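Novice: Just so you know, the protein sequences line up as chains A and B, in that order.
Take the numbering used here: the final residue in the first sequence is number 77, and no numbers are missing along the way.
Take the numbering used here: the final residue in the second sequence is number 246, and no numbers are missing along the way.
Since the hints were derived computationally from the structure, they do not count as laboratory data.
Just so it is clear, the structure is predicted and the values come from calculations on it, not from any experiment.
A portion of the hints provided could be inaccurate.
[To be verified] A partial selection of chain B residues facing chain A, derived with a Cβ cut-off under 8 Å:
#1 Tyr8
#2 Glu156
#3 Leu163
#4 Thr167
#5 Leu170
#6 Asn175
#7 Phe177
#8 Val229
#9 Leu232
[To be verified] Here are the simulated distance ranges between beta carbons:
#10 A:Ala36 with B:Lys202: 38 to 48 Å
#11 A:Leu21 with B:Tyr147: 32 to 42 Å
#12 A:Gly25 with B:Ala210: 41 to 51 Å
#13 A:Val61 with B:Val181: 40 to 50 Å
#14 A:Arg52 with B:Val28: 55 to 65 Å
#15 A:Phe74 with B:Thr21: 35 to 45 Å
#16 B:Thr82 with A:Ala8: 54 to 64 Å
#17 B:Ala29 with A:Phe74: 25 to 35 Å
#18 B:Glu54 with A:Leu21: 40 to 50 Å
#19 A:Gly31 with B:Ile204: 22 to 32 Å
#20 B:Ala210 with A:Ala36: 56 to 66 Å
#21 B:Arg127 with A:Val30: 17 to 27 Å
Virtual Cβ for every residue (Gly too), placed ideally from N, Cα, C.
If you want the building blocks of each chain, they are given just below.
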Amino acid sequence: MQNLAAVVGSLSAVGYGLAAIGPGIGVGIIFAAYIQSSARQPESAGFNRANLFLGMAVVEALALLGIAFGFVFK
Amino acid sequence: MSGGERVVAIHGWPPSVNDFYLPGWFYPWITKFTVLVWIAVAVIIIFFLTAYRKPQIVPTKKQWIAESIYGFARNNVAVEMIGHEGLRFAPYLATLFSFLLVTNIFSIVPLIQVSPNAHIAFPAVLAFISWIMFMYVGARKHGVGKYIKMSLVPPGVPGYMLPLIVPLEFLSTFILRPFTLALRLFANMFAGHVILLVFTLGGFVLLDSSQWFIKPISVVSWAMAIALTFFEALIAVLQAYVFILLTSSYIQGSLAEEH
């Protein structure tokens, strides 16, 4: 039976594109939470900055796992 | 387009594995990354020794920089995350921070342009040390059995949920923590230099295009490479900071009092 529709090319690139959806939304939520909390209570901005960087690094780890495994799963 | 690959291949890219071995009687034991790690260690030792040779009450510039680095790791990370007991860990965190800072900055220094942390071995060893450290600290403070029980069983969990929660907590606390610690640093450094490669080589490939109106876009590609180099510097410092922040957070979790 012949192929009626096919996607050719690098599947790992498509996989990375799908994997980047989650961390993209996650980083947006983290920064939105920091901006809102600083707007409501400016004195907490310095205190929360450590949590901001911590959250961003943890979420971006998943996005970067996507890049790295895009090469591994060639 | 075939012209691009020709241009890229002429410049001797991609490098083969053998390009990283240094020629000499010590082949294959000493590679470019070995030398880079030695250079990083030497830079840190020499910097801190000479900065504290004759400490003065009004600090000189070099002394002030050294004190700022140590003060940052001590006050903003160790004491803030772990509390008063964090002073014991401040030297290790400060050393780790400066080592990661120097090796990460190597990824944008010309002629070096790769961080030793772009090979999984170096972050893996550092994460392994942090893993052993937080497990040992917890086991020494609470005793092995009590420490395991304290980590695996969150307070206030009904009994029937335990068979589900305990394996998940074990996986998350004792297995995934060192793994993600190493992988985060490795992936950031690896992806960083791959992105710089993409934009730099893309500029060359675009320059070699057969259509004349595509050639100026290579300048845009190189401008992006410059912007991403600054971004890479930010990521280098951030990843060093996050590594020690997470290490101190895990140590704080181990040292926390029982509920």
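Novice: All the hints need checking, so say for each whether the structure fits it.
Specialist: Hints, verified against the model:
1. At its closest, the beta carbon of Tyr8 of chain B sits 22 Å from a beta carbon of chain A; the interface hint therefore is violated under the 8 Å criterion.
2. Checking Glu156 of chain B against chain A: minimum C-beta separation of about 17 Å lies over 8 Å; hint violated.
3. Annotation: Leu163 of chain B was flagged as interfacial toward chain A, and the flag is violated, the nearest CB pair being 11 Å apart, outside 8 Å.
4. The restraint placing Thr167 of chain B at the interface with chain A holds, with a minimum CB-CB distance near 6 Å, inside the 8 Å limit.
5. Interface hint status for Leu170 of chain B: upheld, as the beta-carbon distance to the closest one in chain A is roughly 6 Å, under 8 Å.
6. Contact between Asn175 of chain B and chain A, as hinted, is supported at the beta carbon level, the nearest pair being about 6 Å apart and thus within 8 Å.
7. About 6 Å separates the beta-carbon of Phe177 of chain B from the nearest beta-carbon of chain A, less than 8 Å, and the hint is met.
8. Taking 8 Å as the C-beta cut-off, the interface hint given for Val229 of chain B holds, the closest approach to chain A being about 4 Å.
9. Taken as an interface hint, Leu232 of chain B checks out: its beta carbon lies about 6 Å from the nearest beta carbon of chain A, inside 8 Å.
10. A hinted range of 38 to 48 Å for the beta carbons of Ala36 of chain A and Lys202 of chain B is consistent with their spacing of about 45 Å.
11. Checking the proposed 32 to 42 Å range against Leu21 of chain A and Tyr147 of chain B shows it holds: the Cβ atoms sit about 36 Å from each other.
12. In this structure the hint that Gly25 of chain A and Ala210 of chain B lie 41 to 51 Å apart at CB is violated, the actual value being about 30 Å.
13. A beta carbon spacing of about 22 Å between Val61 of chain A and Val181 of chain B contradicts the range 40 to 50 Å that was offered as a hint.
14. Roughly 31 Å separates the CB atoms of Arg52 of chain A and Val28 of chain B, a value that falls outside the hinted 55 to 65 Å.
15. For Phe74 of chain A and Thr21 of chain B, the Cβ-Cβ distance of about 24 Å falls outside the hinted range of 35 to 45 Å, so the restraint is violated.
16. As the Cβ distance of Thr82 of chain B to Ala8 of chain A is approximately 57 Å, the hint placing it in 54 to 64 Å holds.
17. With their beta carbons about 32 Å apart, Ala29 of chain B and Phe74 of chain A fall inside the hinted range of 25 to 35 Å.
18. Checked against the given bound of 40 to 50 Å, the beta carbons of Glu54 of chain B and Leu21 of chain A, roughly 47 Å apart, stay inside it.
19. Between Gly31 of chain A and Ile204 of chain B the C-beta distance comes to about 30 Å, which sits within the given range of 22 to 32 Å.
20. Distance hint check: the CB atoms of Ala210 of chain B and Ala36 of chain A are about 33 Å apart, inconsistent with the given range 56 to 66 Å.
21. Range check, Arg127 of chain B to Val30 of chain A: about 37 Å between beta-carbon atoms, so the 17 to 27 Å window is missed.
Hint compliance for this structure: hints 1, 2, 3, 12, 13, 14, 15, 20, 21 are broken, all remaining hints hold.
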